[in-house]
Amino acid sequence: MDDLVIAGKTYASRLLVGTGKYKDFQQTLEAVETSGAEIITVAIRRTNIGQNAGEPNLLDVLSPSKYTLLPNTAGCYTVDDAVRTLRLARELLDGHSLVKLEVLGDPKTLFPNVVETLKAAEILIKEDFQVMVYTSDDPILAKQLEDLGCVAIMPLASLIGSGMGILNPWNLQIIIDNAKVPVIVDAGVGTASDATIAMELGCDGVLMNTAIAAAQNPVLMASAMRKAVESGREAFLAGRMAKKLYSASPSSPVEGIISQAKTIKRLD
Amino acid sequence: MIQITINGQSQQFETPINIIQLIDHLSLHGKRIAIERNGEIVPRSQFSAQMLCHGDQLEVVVAVGGG
Numbered sequence: 001m002d003d004l005v006i007a008g009k010t011y012a013s014r015l016l017v018g019t020g021k022y023k024d025f026q027q028t029l030e031a032v033e034t035s036g037a038e039i040i041t042v043a044i045r046r047t048n049i050g051q052n053a054g055e056p057n058l059l060d061v062l063s064p065s066k067y068t069l070l071p072n073t074a075g076c077y078t079v080d081d082a083v084r085t086l087r088l089a090r091e092l093l094d095g096h097s098l099v100k101l102e103v104l105g106d107p108k109t110l111f112p113n114v115v116e117t118l119k120a121a122e123i124l125i126k127e128d129f130q131v132m133v134y135t136s137d138d139p140i141l142a143k144q145l146e147d148l149g150c151v152a153i154m155p156l157a158s159l160i161g162s163g164m165g166i167l168n169p170w171n172l173q174i175i176i177d178n179a180k181v182p183v184i185v186d187a188g189v190g191t192a193s194d195a196t197i198a199m200e201l202g203c204d205g206v207l208m209n210t211a212i213a214a215a216q217n218p219v220l221m222a223s224a225m226r227k228a229v230e231s232g233r234e235a236f237l238a239g240r241m242a243k244k245l246y247s248a249s250p251s252s253p254v255e256g257i258i259s260q261a262k263t264i265k266r267l268d
Numbered sequence: 001m002i003q004i005t006i007n008g009q010s011q012q013f014e015t016p017i018n019i020i021q022l023i024d025h026l027s028l029h030g031k032r033i034a035i036e037r038n039g040e041i042v043p044r045s046q047f048s049a050q051m052l053c054h055g056d057q058l059e060v061v062v063a064v065g066g067g
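Respectively, the protein sequence lines represent chains A and B.
For the first sequence, our numbering assigns the number 1 to the initial residue and increments by one for each residue that follows.
For the second sequence, our numbering assigns the number 1 to the initial residue and increments by one for each residue that follows.
Some clues are possibly wrong.
With a Cα cut of at most 20 Å, we get these calculated DMTMM-like pairs of lysine to aspartate or glutamate [as the list claims (entries may be wrong)]:
hint, chain 1, residue 1, chain 2, residue 2
1, A, Lys227, A, Glu200
2, B, Lys31, A, Glu91
3, A, Lys108, A, Asp81
4, A, Lys21, A, Asp80
5, A, Lys21, A, Asp3
6, B, Lys31, A, Glu55
7, A, Lys180, A, Asp138
8, A, Lys126, A, Asp106
9, A, Lys227, A, Glu33
10, B, Lys31, A, Asp60
11, B, Lys31, A, Asp94
12, A, Lys126, B, Glu40
13, A, Lys119, A, Asp80
14, A, Lys119, A, Asp138
15, A, Lys23, A, Glu91
Just so you know, these hints were derived from the structure itself, not from any lab.
Throw the hints in and build the complete structure from the sequences for me.
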């Protein structure tokens, strides 16, 4: 079996999905189920005080016993906010220690603040969290986060929620080649081919939210993404053919052609 | 009279209360929540033991959809 292993736990699916931006919990559930994802990100937020007491809870829909919930620190711009959020998450999820760390630097681009990310990762790892870390596509930083003890490195492919696809495959390739922990592209995937390209590069997985939730038909896109990740992974494992620049290679036999033409000159 | 800040909102209570009583007061009984008090996690097992004090800062959180 070609399983994804994160922090010693095995997952059959290499697609990780978020749960934000859906129309309602029913659509969230249908998209998540269709995607085949086993690791599902959730956010941690203040509960409404004195309002909507009967409001359904996400955890009633997505059972922590069925999915590996990955609480995130979306919206956190400081080490303190990120660390406190994940401590609350661990308490909320009965001691569950696998988390997604992101410390943002700018509300317009949602680029990570990598200096603060390093500091937060160090604190969390000392507190026995298993940290999957959102980061830029800087290979040096990716290595530093791995050396600190992060269990997965999750570089952006392009800006969060932008759907711009894989903008710097070369950096991702360097990160993948150097990493001994799983590399999961997190953010920027817009459509199925983006996910396939990430997997063909050799990424261990892809994490996405908006590409599915903001599709015209989210459940159908969830299906497309499941196949795209599987296709890309198989293509990576199969090993693509070498590219031949400026020179074709016929697929059919060159002998026995009925043409009477004896000499067709090659371009060169 | 004690004053407590819950999720950034100030609330006043006539008599001292513990966290279980606060949860009931906020109609959050039986909900999946986690609580931080003055920057420290309050384990569920301590909800009845911890009496709230004037000036306490509480954060009460839930899981919501997110990426």
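### Task
Find the hints from earlier in the document that the structure breaks and name them by number, from lowest to highest.
Hint check: 4, 5, 8, 15 fail, others pass.
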